[in-house]
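Participant: Sequence:
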Amino acid sequence: MQSLGSRRRVAALGALALILTIGIGTVAAAGPWNTARTGVAAPVAATAAPVAAAAVRSGALTNAQQTLLAGMAEEEKLAQDLYAAFAALYPSAMWDRIGSAEATHLAAVRTLLTTYAIADPTAGLPAGTFASPSVAAMYADLLAQGSASEAAAFGVGKLVEVDDIAKLDAARVGVTAADVLSVYANLRNGSTQHLNAFTRQLPN
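Residues 2 to 205 in my numbering are what the sequence shown spells out, letter by letter.
Watch out, some of these pointers could steer you wrong.
Computed spacing ranges between beta-carbons, pair by pair [to be verified]:
{"#": "1", "residue 1": "S150", "residue 2": "P127", "range": "21 to 27 Å"}
{"#": "2", "residue 1": "V174", "residue 2": "R201", "range": "28 to 34 Å"}
{"#": "3", "residue 1": "A137", "residue 2": "L182", "range": "26 to 32 Å"}
{"#": "4", "residue 1": "A152", "residue 2": "G125", "range": "33 to 39 Å"}
{"#": "5", "residue 1": "G60", "residue 2": "A149", "range": "25 to 31 Å"}
{"#": "6", "residue 1": "P92", "residue 2": "A124", "range": "30 to 36 Å"}
{"#": "7", "residue 1": "A152", "residue 2": "N64", "range": "24 to 30 Å"}
{"#": "8", "residue 1": "T177", "residue 2": "L90", "range": "25 to 31 Å"}
{"#": "9", "residue 1": "P122", "residue 2": "S150", "range": "29 to 35 Å"}
{"#": "10", "residue 1": "A104", "residue 2": "L160", "range": "15 to 21 Å"}
{"#": "11", "residue 1": "A118", "residue 2": "E151", "range": "18 to 24 Å"}
{"#": "12", "residue 1": "A65", "residue 2": "L160", "range": "21 to 27 Å"}
{"#": "13", "residue 1": "A138", "residue 2": "T68", "range": "16 to 22 Å"}
{"#": "14", "residue 1": "A171", "residue 2": "A137", "range": "17 to 23 Å"}
Read the hints as simulated data drawn from the structure, not as lab findings.
Idealized CB from N, CA, C, for every residue including glycine.
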């Protein structure tokens, strides 16, 4: 007979799978980027499906894995804040769409931080503000680069997503907790789609 904890864990993971399935269907139905700001449909891929994290731990994380998970919160906030800033500067609707996806990704990481009782380094911080000096410096540098032109901003978006994918690959090494692995996989899928979208906007 399964223990109560096992039954709860199975139920939580089942709910996670259902949420992800619904999210994928919603994004697929939404079609190409919203054209309200430009009037022209851009040939870019749909963003990643909404990502959810289970409220019940499905494993354990080492101290190093906890540190990397907390770092992913700052990584997602950096992307979210940059894309919001570019959305205010430039007409392309993709900034709104990808920025919204990054907000969903950050929410998923924050849920994992709560689930595993890890301090959230992004909690309560306004846009463009970061706890880590290195992330704050990176944000300021990338914002300055992207403020030169929208083409430069697309290049910044590409850099951010390449960095995000590399950090996700590093963070998942050795992780056995199913809920964390599921969120990491979906975040990586989203970053890959965003990377492809930004790359298509740049000259060959």
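Participant: Determine which of the earlier numbered hints do not hold for this structure and return their numbers in increasing order.
Facilitator: 5, 7, 8, 11
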